[in-house]
Amino acid sequence: VPKCFIFVNLGNKSLGRRVSYLGGSVSDEEDRARFASVVVPYLADALALARWLTGSRSDAEDVVQDACLRAFRAIGSFAGVNARAWVLTIVRNTAYSWLRKSRNKMLVAIDDLDVEERGQAERGGDVAGLNAITPESELIARVNEARLEAAISALPIEFREALVLRDMQGLEYREIAEVTGMPVGTVMSRLARARHRLIEAIRTDEP
Amino acid sequence: MTPSAGAATPRPGPTLLVHAYLDGELDLANALVVKREIEADPALASELANTMALRKVLRERYPREPVPTHMRSRIDAAIGLRHRWTTRPTWRALAASVVLAVALSSGSTWLMLRSPAGGRIARDDDTAVAESLAAMLRSGRTVISRHQAKINDPEVGDKGLNGKSVLAEAVRIYQETTGADPLAIDPDSRQGRLLRAQMDAIVEVIESNRDMLDKKGVGFKGFIPATFGRLVNEAFSKRASNQAEVKVTAPLDLVRNPKARPDAWEAEVISAQLLSASWPKGQVYSAVTDSRGRLAFRIAVPEYYVPSCLSCHGGPKGEIDLTGYPKEGRLEGDLGGVISITLYR
Numbered sequence: 792v793p794k795c796f797i798f799v800n801l802g803n804k805s806l807g808r809r810v811s812y813l814g815g816s817v818s819d820e821e822d823r824a825r826f827a828s829v830v831v832p833y834l835a836d837a838l839a840l841a842r843w844l845t846g847s848r849s850d851a852e853d854v855v856q857d858a859c860l861r862a863f864r865a866i867g868s869f870a871g872v873n874a875r876a877w878v879l880t881i882v883r884n885t886a887y888s889w890l891r892k893s894r895n896k897m898l899v900a901i902d903d904l905d906v907e908e909r910g911q912a913e914r915g916g917d918v919a920g921l922n923a924i925t926p927e928s929e930l931i932a933r934v935n936e937a938r939l940e941a942a943i944s945a946l947p948i949e950f951r952e953a954l955v956l957r958d959m960q961g962l963e964y965r966e967i968a969e970v971t972g973m974p975v976g977t978v979m980s981r982l983a984r985a986r987h988r989l990i991e992a993i994r995t996d997e998p
Numbered sequence: 041m042t043p044s045a046g047a048a049t050p051r052p053g054p055t056l057l058v059h060a061y062l063d064g065e066l067d068l069a070n071a072l073v074v075k076r077e078i079e080a081d082p083a084l085a086s087e088l089a090n091t092m093a094l095r096k097v098l099r100e101r102y103p104r105e106p107v108p109t110h111m112r113s114r115i116d117a118a119i120g121l122r123h124r125w126t127t128r129p130t131w132r133a134l135a136a137s138v139v140l141a142v143a144l145s146s147g148s149t150w151l152m153l154r155s156p157a158g159g160r161i162a163r164d165d166d167t168a169v170a171e172s173l174a175a176m177l178r179s180g181r182t183v184i185s186r187h188q189a190k191i192n193d194p195e196v197g198d199k200g201l202n203g204k205s206v207l208a209e210a211v212r213i214y215q216e217t218t219g220a221d222p223l224a225i226d227p228d229s230r231q232g233r234l235l236r237a238q239m240d241a242i243v244e245v246i247e248s249n250r251d252m253l254d255k256k257g258v259g260f261k262g263f264i265p266a267t268f269g270r271l272v273n274e275a276f277s278k279r280a281s282n283q284a285e286v287k288v289t290a291p292l293d294l295v296r297n298p299k300a301r302p303d304a305w306e307a308e309v310i311s312a313q314l315l316s317a318s319w320p321k322g323q324v325y326s327a328v329t330d331s332r333g334r335l336a337f338r339i340a341v342p343e344y345y346v347p348s349c350l351s352c353h354g355g356p357k358g359e360i361d362l363t364g365y366p367k368e369g370r371l372e373g374d375l376g377g378v379i380s381i382t383l384y385r
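If you read the sequences in order, they're chains D and R.
Note that the first sequence covers residues 792 to 998 in the working numbering.
Note that the second sequence covers residues 41 to 385 in the working numbering.
Treat the hints as calculated values from the structure; they're not laboratory data.
Just so you know, not all the hints are guaranteed correct.
[Said to hold, decoys possible] Simulated restraints, written as ranges between beta carbons of each label pair:
hint	chain 1	residue 1	chain 2	residue 2	range
1	R	TYR384	D	PRO974	27 to 33 Å
2	R	GLU79	D	ALA870	39 to 45 Å
3	R	SER348	D	GLY972	43 to 49 Å
[Claimed, not checked] Derived coverage of chain D by chain R (criterion: at least 3 residues anywhere in the stretch with Cβ under 8 Å from a Cβ of chain R; other residues may be distant):
hint	stretch
4	823–834
5	884–892
Keep in mind that this is a model prediction, so the values were computed, not measured.
Idealized CB from N, CA, C, for every residue including glycine.
My request is simple: use the sequences and hints to build the entire structure.
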């Protein structure tokens, strides 16, 4: 069945031209039904992830729209195992290519463990700046909203995505590993370090 | 499952394991080891408390936001999606589908939904199969609940519990609560096959945890009914691969183990149906819908708190319970959990 391809410009310069399927063939209908059941339930998660990766809601919407088109075109290849991880993988990859295009500087690769932190991870004992016996959970619970937001945004992107996927969206480590293409052990250490950095930022914020 | 990437990877430091512990990523044996390390080390206890506080703040400050309408329109326009966005049924649709269900299946009191894709209705025995799986899971948990004091007695080694004895007790409870005999169900029927897979899962879970259960000198073992239930569900889902899944989930603010988080369908059913003031207590919700890209019969069986739940989930809210979690301040009769069963086509 021939498909009808029409190029339309959706009016966003940074995204350029987009493909839209306007045909009404049976397989298109099936693809749309599949899209509605596989992708649509996770749009809220997709937007939140894109927002934290790009740092802005409007950029996130562009990224998610782009990701939806990619997902729609690839819907036939979805293996039917974990729709959320599949959708978030596409969103993440789309956000990364978008960032690479628009702001090269933000994607400077990090050395996963700097020397001090590597030592700590290997020794396992100390926690950066958290040796105090008294938990600072009260302080954390009362953190200023803008301060928290700024601290999350200041995390290296690899740490930030682990934190968002786990602590805001509740993915399991192996799902985060699937989305980010990292080994589970790396996911675990990035997540721990992201949390340490946030707690440290909250701690040092107190006058 | 341990979070280490494989046998070649050394055991991660205790600090990292505190995070994995908190995230429910450790198997029972490792979780118990880490729990003891935390109890013995104030720095790790502090790590646990701070991380818990941070997770709570993140979850509360950044809840899932609804998708803005204009965003839906943009995607609609981009891919030509014209039909309904969600499978969330309206009451009008529910009412219409009840008529349809009554017309199609005699004597069923369950709600059935026509999905937006059209023409897909529950099979006659879907509900019976799901009901029996839910009843067997509950019976198994009751056994573990009844023996909880014995399981946590540090003075006793051999607890006298084995796969066979626990299953036999679960079968007795099943018979008492449902009036039906699970062993009399035709083992070649779908119901018989799945129920037997579940009973095998109960045996498997007890047998593989016997060393831990029979350990002398250890008090609280973390082998509570909820954990037992989760292990049985995981073992069952493996055994019934591609045919059925059983999961226990809950309203999002009550979920302690990330594995129990409701998926999109469950979250929707819980918030829009089971938690609504007009939902009849104990009424299940079921639908034929897509799950993981496949057509499936899904059913949500609500469970409500009874007094024994409240030592961990009651008040005062925020106080740390026996298992290390803050209590949720719930009351007897509140919706505490949902047994979610998926039967794939």
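**Study point:** Index of numbered hints that the structure contradicts, given in increasing order
**Key:** 5
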